[in-house]
Amino acid sequence: MSSKSPTEESLKARYVIDPVSLREVVRNKAAVESRIEELENIGEPGDAERIAWLRILGRLQEAEELGWITLVKSGGETDTRQIVTPLPFQAVAGALRLAHVMHWQKKYSQADQLFTVALESAQSEIDNSEMNPVVARTLAAFAWQHLGKLHFDQGQFADALRSFESALVLRQELQSPEDQLSSTRQAIRTAEACLAQKVRPS
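Each residue of the sequence shown is one higher than the one before, starting from 1 at the first, in the numbering used here.
Among the hints, a few may not be true.
[Unchecked claim] Below 27 Å or equal to it, Euclidean Cα-Cα: the simulated BS3-like pairs (lysine-lysine) are: (1) Lys29 to Lys107; (2) Lys198 to Lys107; (3) Lys29 to Lys106; (4) Lys12 to Lys29.
[Said to hold, decoys possible] Just the calculated beta-carbon pair ranges, DEER-fashion: (5) Gln197 to Gln82: 23 to 31 Å; (6) Lys106 to Val169: 27 to 35 Å; (7) Gln110 to Gln175: 28 to 36 Å; (8) Val169 to Thr7: 34 to 42 Å.
Keep in mind that the hints were calculated from the coordinates and are not lab data. C-beta: ideal position from N, C-alpha, C; glycine also.
Put together the whole structure using the sequences plus the hints.
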């Protein structure tokens with residue numbers, strides 16, 4: 001099997017966002033397993049995608065270990081797993097991936113810390129760049145989106161809604177791909193419904 005040519009099976013690796021849990025769900029586990037194997041053969045260039053698929057399949061310990069490795073390589077943390085603050089901008093994407101894994105592990109405090117420092121770094125890049133910081137704004141939108149999901153899973157629906165709305169503003173300004181806009185709008189609808197149900201008089 002070539003490490004550069006996806007197999008017919010791995011090309012079927014897809015996920016959908018569950019509108020209730022707001023989590024990625026795979027339809028074809030075998031295809032995802034095949035894709036993970038291919039990415040492992042590719043090596044470092046495939047690590048980012050591999051972390052995501054490992055998380056989605058529930059292989060959270062593997063995803064976390066790989067997440068730490070990639071964060072070290074990007075200068076985002078030390079060998080003793082101390083997060084570098086302020087977080088270097090080149091470490092933002094890796095920090096977001098690792099934070100997402102920790103969220104699914106229910107390590108909420110650690111996930112919140114990582115999401116927050118990643119968002120602060122992206123925002124600093126936006127504020128200090130003389131160019132149009134598209135990459136920084138895109139990463140900030142992802143940070144808001146996933147911070148919202150972190151709040152959502154803890155029942156903090158008002159905070160989740162504010163985060164999702166912040167993500168939507170950025171994504172609309174960026175004219176982000178429709179799948180990203182749709183996922184954020186769905187998250188807003190779900191958070192609004194949960195918030196209304198929570199505060200509705202019995």
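For each hint, the structure was consulted:
1. Lys29 to Lys107: Holds, at roughly 25 Å.
2. Lys198 to Lys107: Distance ~24 Å between Lys198 and Lys107 Cα, so the pair holds.
3. Lys29 to Lys106: With a Cα-Cα distance of about 23 Å, the restraint between Lys29 and Lys106 holds, given a limit of 27 Å.
4. Lys12 to Lys29: holds, 9 Å
5. Gln197 to Gln82: 23 to 31 Å: violated, 40 Å
6. Lys106 to Val169: 27 to 35 Å: holds, 29 Å
7. Gln110 to Gln175: 28 to 36 Å: Given range 28 to 36 Å: holds, Cβ gap about 33 Å.
8. Val169 to Thr7: 34 to 42 Å: holds, 40 Å
When the structure is compared with the earlier hints, a violation turns up for hint 5 alone.
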